[in-house]
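Student: Starting from the structure of chain A, add chain B where the hints point.
2 protein chains.
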Amino acid sequence: MSETKTPLSPAALSRRSLLKAGLSAGTLAGTAVAARAAGDPLITEVQDWNRYLGDGVQARPYGTPSPYEAHVVRRDVEWLTAATESSVNFTPLHELDGIITPNGLCFERHHAGIADVDPAAHRLMINGLVDTPLVFTMEDLKRFPRENRLYFLECAANSGMEWRGSQLNGCQYTHGMVHCVMYTGVSLKLLLEEAGVKTSAKWVMPEGADASAMTRSIPLEKALDDCLVAFKMNGEALRPEQGYPLRLVVPGWEGNMWVKWLRRIEVGDEPWHQREETSKYTDLLANGKARRFTWVMDPKSVITSPSPQAPITHGKGPLVISGLAWSGNGRISRVDVSIDGGRNWTTARLDGPSLSKALHRFYLDIAWDGSPLLLQSRAMDEHGFYQPTKNELRAARGENSIYHNNGIQTWHVKADGTVENVEVS
Amino acid sequence: MSETKTPLSPAALSRRSLLKAGLSAGTLAGTAVAARAAGDPLITEVQDWNRYLGDGVQARPYGTPSPYEAHVVRRDVEWLTAATESSVNFTPLHELDGIITPNGLCFERHHAGIADVDPAAHRLMINGLVDTPLVFTMEDLKRFPRENRLYFLECAANSGMEWRGSQLNGCQYTHGMVHCVMYTGVSLKLLLEEAGVKTSAKWVMPEGADASAMTRSIPLEKALDDCLVAFKMNGEALRPEQGYPLRLVVPGWEGNMWVKWLRRIEVGDEPWHQREETSKYTDLLANGKARRFTWVMDPKSVITSPSPQAPITHGKGPLVISGLAWSGNGRISRVDVSIDGGRNWTTARLDGPSLSKALHRFYLDIAWDGSPLLLQSRAMDEHGFYQPTKNELRAARGENSIYHNNGIQTWHVKADGTVENVEVS
Chain A
1 MSETKTPLSP AALSRRSLLK AGLSAGTLAG TAVAARAAGD PLITEVQDWN RYLGDGVQAR
61 PYGTPSPYEA HVVRRDVEWL TAATESSVNF TPLHELDGII TPNGLCFERH HAGIADVDPA
121 AHRLMINGLV DTPLVFTMED LKRFPRENRL YFLECAANSG MEWRGSQLNG CQYTHGMVHC
181 VMYTGVSLKL LLEEAGVKTS AKWVMPEGAD ASAMTRSIPL EKALDDCLVA FKMNGEALRP
241 EQGYPLRLVV PGWEGNMWVK WLRRIEVGDE PWHQREETSK YTDLLANGKA RRFTWVMDPK
301 SVITSPSPQA PITHGKGPLV ISGLAWSGNG RISRVDVSID GGRNWTTARL DGPSLSKALH
361 RFYLDIAWDG SPLLLQSRAM DEHGFYQPTK NELRAARGEN SIYHNNGIQT WHVKADGTVE
421 NVEVS
Chain B
1 MSETKTPLSP AALSRRSLLK AGLSAGTLAG TAVAARAAGD PLITEVQDWN RYLGDGVQAR
61 PYGTPSPYEA HVVRRDVEWL TAATESSVNF TPLHELDGII TPNGLCFERH HAGIADVDPA
121 AHRLMINGLV DTPLVFTMED LKRFPRENRL YFLECAANSG MEWRGSQLNG CQYTHGMVHC
181 VMYTGVSLKL LLEEAGVKTS AKWVMPEGAD ASAMTRSIPL EKALDDCLVA FKMNGEALRP
241 EQGYPLRLVV PGWEGNMWVK WLRRIEVGDE PWHQREETSK YTDLLANGKA RRFTWVMDPK
301 SVITSPSPQA PITHGKGPLV ISGLAWSGNG RISRVDVSID GGRNWTTARL DGPSLSKALH
361 RFYLDIAWDG SPLLLQSRAM DEHGFYQPTK NELRAARGEN SIYHNNGIQT WHVKADGTVE
421 NVEVS
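Chains A and B, in that order, give the protein sequences.
Using full-length UniProt numbering, the first residue of the first sequence is number 1, and each one after it goes up by one.
Using full-length UniProt numbering, the first residue of the second sequence is number 1, and each one after it goes up by one.
This list has only true hints and no planted wrong ones.
Covered, in the sense of this in silico footprint (three residues per stretch, anywhere, with C-beta under 8 Å from a C-beta of chain B), are these stretches of chain A:
(1) 55–62
(2) 74–80
(3) 95–105
(4) 139–153
(5) 222–235
(6) 314–322
Computed beta-carbon distance windows for the label pairs:
(7) A:Val-296 - B:Arg-164: 53 to 59 Å
(8) A:Thr-418 - B:Thr-347: 56 to 62 Å
(9) B:Glu-221 - A:Asp-48: 34 to 40 Å
(10) A:Asp-48 - B:His-71: 31 to 37 Å
(11) A:Lys-189 - B:Asp-48: 30 to 36 Å
(12) A:Ala-83 - B:His-383: 55 to 61 Å
(13) A:Ser-425 - B:His-71: 56 to 62 Å
(14) B:Asn-400 - A:His-71: 48 to 54 Å
Derived by calculation from the structure, the hints in this document are not laboratory data.
Beta carbons: idealized from backbone N, C-alpha and C, even for Gly.
Next up, chain A with everything else stripped away, as it sits in the complex (with noise of 0.2 Å):
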């Protein structure tokens, strides 16, 4: 693949005149539009909904989608794992739009199943290397100062089914394990200075109340710089699936490092070598020997429509291109759109809030003329990384990973609006 960066004339790259252009031949407003409005009985007939009083306030203290929503669901793919405790499900990324994920539908994955706590019986437990070994109820918890923060969360093996070719044909598949939701709850360094942490700490270890006992090694300095003790998320309180009453928050890294179902914290001055950080969640390269300790999520993009699941159903003329950016090392400074498989990009549009280790939505809009498309779509972050292709990546590492794959995404767009994911060499 090239990686030129030319770019289009000044003329087609204008969103307004690729968007003009489109209305100006009909294909949205104008006559179409305007023959609708002559005769459309939808608009001039009064419907039953206008006509007759709907359900009233007592009908949904909490409420749910609409029925005609009922296919924007996570979905798993059987075949992924043997049990469904321990396996992962994915967030509808083509039916979402913005940048915050509803909480019902953030990806779930599990390595033991649901832990089913109690929060009255809940407790965290911080030990080892500190001055006061010390335990909190959620109730001692919530009496700390709080911070709220919205944070993307991605776990290692997103996209992890692609290092071998495209397999899974849908963004909800390929792309599907990170959602970003507003996070409440008590900066994990206030914590640890409540204990104490001895001089000789250098690491910190939490562990999940799951059956599974979540564990991982985090360096000290990464404790004290952002991580959160989160109670809520999107201003309620957590899912059971993503960690009721309390989850490590671990802004930017993998997702298995965010542990569920939070217990204990342990200091120490080494790390624990725990499975999930040796045999799981580190990189075996081609020569055999693995990278280890690869926490944070590489800047990375996907187009989330057109895409597989959401296919192009108007025909031709003016398309929304509309995707996700994130980088674990901060904002997203840039994304570039290819519709011809990474010969050509152009700068694609940010719009709303650009907060750090955040998900930032991408539109690019054009007048689409019917032909075949290759969209591709690269993110670049506020230091300059940039997303690699996927050929690059397995140059550095072989064809052995299963994690940290950010690698720039295919989808060949055809003729007839329907969408398939490939790849382009």
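Tutor: For chain B alone, coordinates are given in the frame of chain A:
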């Protein structure tokens, strides 16, 4: 009530010093918590959730809150209205944190119940003083460039029952007709430009597809400024009770104008004087005349915890005072908190993203000595507008009003930690 702004002594004002004072007294950490570490079986013994597999990923394709959170729901007040189809329920603000309201907890206000609209059959018409009347399908609208913005929505009648004194014991009821979500939609300006607005046009009138056919007059200047025609909230499709599949977003202005189930926008040269802007949503003054076109929601705030529904249950020592502030004029620049009924004020800590016309979260972390408090908060926005006392409001507008009560709220915290809605004079 005195409006003097004498600050507390610098030492007493320091959040850290207050917290440290509480901690060194052993009320939170230190002796009490360390004692737990020595012998709390809930941390020293393996619990059931640490022993047995939980539910797998196929349990809930669209997730729901923990059963332990069943009390976190919208609630109505039975005596407020005769029929649930033309009623209101309230967001449980006292249970939430941060600035995002989960979609299932956004308050409802209907005039003819929840319209059950089939999105495939829904149409939006733009007509009146335009060059080309247009009718859009939902698919048409999704071909225009999109925006993502986080905005609060407040019903003009929020706190309306407080005009004649304290009536409802809980911030869910006194202030729960406000929520804040991220909307995805198309700029109304773009759609109006598509139709071509005639030079004689000065107003627009959105109309709802529900059985009340809600209609309001909006100045063209606002319509061309920051209004959105929105189809998503917090990433997913609008909820039915929030106007699925389409609603108008009128940032900073009273919620009644954010027409749900939006089916038509008429462009005209004068206001229509509809029912909902004449007999309703106007402010009856003491002299019998009514203020009308009072659209902007002025700066307002409320302490959400402690509050009547969220009493202090942990006794003396560190206490997190948490609340929300918002202004239809733009960003919140400052929130002051008083613990003595408005005699002395301390500037609170604003936390989380600060976005124009969105909710802002504030905190004041104090060491509570167990004595009664008269808690108040007072918001100021970036334009210098600030929240008045209820008596200042009454002096200006009498006591006949229902709408636009942004007066300072007082909570009486008693020595036993229970909290009551009161007024101070």
